[in-house]
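Based on the hints, put chain W in the right spot on chain A.
Those sequence lines, one after another, are chains A and W.
Take this note's numbering: the last position of the first sequence gets the number 347, and nothing is skipped along the way.
Take this note's numbering: the last position of the second sequence gets the number 619, and nothing is skipped along the way.
These are computed hints drawn from the structure, not numbers from a lab.
We put the CB at the ideal spot given by N, CA and C, even for glycine.
Treat each hint with caution, since some may be false.
[To be verified] DEER-style ranges, computed between Cβ atoms:
#1 Asp48/A / Val524/W: 54 to 62 Å
#2 Leu374/W / His168/A: 39 to 47 Å
#3 Ser343/W / Gln207/A: 27 to 35 Å
#4 Asp277/A / Arg346/W: 48 to 56 Å
#5 Arg217/A / Ala439/W: 47 to 55 Å
#6 Ile295/A / Gly510/W: 18 to 26 Å
#7 Ser343/W / Met276/A: 45 to 53 Å
#8 Lys202/A / Thr453/W: 23 to 31 Å
#9 Ala96/A / Val431/W: 26 to 34 Å
#10 Leu213/A / Ser343/W: 33 to 41 Å
#11 His168/A / Gly510/W: 13 to 21 Å
#12 Ala464/W / Gly91/A: 54 to 62 Å
#13 Leu213/A / Arg346/W: 38 to 46 Å
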Amino acid sequence: MLQRTYAWVRAVDDVSFDVHPGETLGIVGESGCGKSTLARLVLRLIEPDAGTLTFAGEDVRAARPPRMKRLRRDMQLVFQDPYASLNPRLTIEDAVAFSLLVHGRPRAEARERARALLGRVGLDPRLYGRRYAHELSGGQRQRVNIARALVLDPKLLVLDEPVSALDKSVQAQVLNLLLELKRERALTYVFISHDLNVIEYVSSRVLVMYLGEVVEMGTAEALAQSPRHPYTQALFASAPTMDPDRRMDRPPITGDPPNPIDPPSGCRFRTRCAFAMPHCADAPPPLRAVGPDHAVACYLYEATPAPTTAAGR
Amino acid sequence: MAIGAVGGVGPEEATGRLAHAGDSRPPGPEIVPMSYWRTVRWRLARDRTTLLAAGVLVLIVLSAVLAPWLAPYDPTAGSIRLRLAPVGAPGHVLGTDEQGRDMLSRLLWGGRMTLVAGLTPVVVALVVGAALGVLAGYVGGLTGTLVMRTMDIFYAFPAVLLAIAISGALGPGLPNTLISLSIVFIPRVVRVAESATVQVKGLEYIAAARASGSGVGPIVRHHLLANVLGPILVFASTQVSLSMILAAGLSFLGLGVTPPAAEWGLMLNTLRQSIYVNAIVPALPGLAIFVTSMAFNLLSDGLRDAMEIRA
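Bound-form chain A, shown alone (with noise of 0.2 Å):
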């Protein structure tokens, strides 16, 4: 008895969704309902306890390391944190080139490129290039992420809450520079947000998750016009908006989101919701169209036409 398991959380529970080429796929949600373990499965630095993962037609769980090792260029992670994400001995431009050593490229070229690509982010690689991390703001930090997960080339882009821990101007810095890049290089972008505002910018289509559930998915515009479900509807009302008409006066949901290891039974997010049902507790409810692209997880829609009231107020 030397080990011990105190509880199995299911941080990410029947997630199923494409990321089609060129696109960016917002996955919204608040603190803790796996957006961040999501993104570690998606690029398999955590192994799922089932389902599949598929990268241009290649089942990634069942790549062995050598061919691990090359798809890996193909998909990169910005992460959240500026201070934790990058090595403090190392100085900016090693620590993007590491990346390039990884892979075989010879060091001077490795150099060469990663210098180039800092330039590219917006630091001069001789002002820059021999620093190190600590010397940098959060913002600067941020752009050699950037630049290390852009330098081996990948075609998707994984971004965990790139720019929440920045200040608002700076967001927006980053933001334009990250949608400069995707344009530039053809990139599609997976950016996983718990800002309303900031997946609204920068997303195609979004994907709204509840304590490890989709249970909303559509265009960025369906979504922001008609969200369906409460908990859509709950977060566009809770935005922050310029616009004084649409403030709300009381908050629209209240309380936190129940204890992962013992999630309620059925429909998540039913502890919390204005419309639940007797029958919400029985199963969840599964993923439904409600328009071309848009899909929603809430028997609320199983016949009946939608409340709008919600969101509107």
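Quick look at chain W alone, frame taken from chain A:
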């Protein structure tokens, strides 16, 4: 820079402060800030206490190394007529011990033994402990549990008791003292190494390195070791003085170096009966132990401060 507030200019100001002046300035010469180790050296060079401690240590080490040439007498040759001569006695600057042996010679020769007994176990523990700790921390799982629980068994005993028990079982003599003290210090280093490794392993730059497709080797070499060796080294340096005191203690108890060889702890033991005859001479080996261990402690404090990463 925290150091700038204390006085003097920080390395930032000294080299690359201009880099923050703005991105729009025309490209000038490349700015090369100080490397990490240069910064550490720069800070050490400005820390008087640490420099003084280091200076004292250099003197002690030199005197021990050069003992065969520096010592005026044979450290084991006594004289019945000259027992317990006071400090300043003609021909014997630091007096003589209870068998009439020259104290200066014995202190110089004794320093060799004491330093070897203080440093060797820590160096052995540093190498073995860091390897085991990093392994346990990085691999984790069953391997980690086995390593750590084994270390806990040793850790459960107070250091002195464990050293006495192992030395008692192995018998007296310097090699056995070194073995028993190494066993005392390995679990301590393993603990520090393991906790530092677990902490660093969870950081996102390790995940980023894994996402780049890197194998375990380069990750451990470039990302892990560089960030855990500092704290391990600093911890080990704090243990040198303890190791010296334990070694001296074992000799004092008759479990370490055997007479007539000179060793500070042993000298303290044999001279203690003479303390009412001549109080100063018996205090000398104690003073030597105190000064040396103090110097090691101050040095490791300074090292810790200098190696800290400051934003």
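Now the hints, each set against the structure:
1. At about 32 Å, the CB distance of Asp48/A to Val524/W disagrees with the hint of 54 to 62 Å.
2. Separation of Leu374/W from His168/A is about 43 Å and conforms to the stated range, judged on CB atoms against 39 to 47 Å.
3. In this structure the supplied range 27 to 35 Å holds for Ser343/W paired with Gln207/A, their Cβ-Cβ distance being about 29 Å.
4. Judged by the Cβ atoms, the range 48 to 56 Å given for Asp277/A and Arg346/W holds: they are separated by roughly 55 Å.
5. At about 49 Å, the beta-carbon gap between Arg217/A and Ala439/W stays in the expected band of 47 to 55 Å.
6. Our hint of 18 to 26 Å for Ile295/A and Gly510/W holds, since their Cβ atoms are close to 20 Å apart.
7. Remark: the range hint 45 to 53 Å for Ser343/W to Met276/A is upheld by a beta-carbon distance near 48 Å.
8. Remark: the range hint 23 to 31 Å for Lys202/A to Thr453/W is contradicted by a beta-carbon distance near 46 Å.
9. For the pair Ala96/A and Val431/W, the beta carbons lie near 47 Å from each other, so the given range of 26 to 34 Å is not met.
10. With their beta carbons about 36 Å apart, Leu213/A and Ser343/W fall inside the hinted range of 33 to 41 Å.
11. In this structure the hint that His168/A and Gly510/W lie 13 to 21 Å apart at CB holds, the actual value being about 19 Å.
12. Taking 54 to 62 Å as the suggested C-beta distance range, the pair Ala464/W and Gly91/A conforms, at roughly 57 Å.
13. Look at Leu213/A against Arg346/W: about 39 Å separates their beta carbons, and that is inside 38 to 46 Å.
Of the numbered hints stated above, those contradicted by the structure are hints 1, 8, 9, listed in ascending order.
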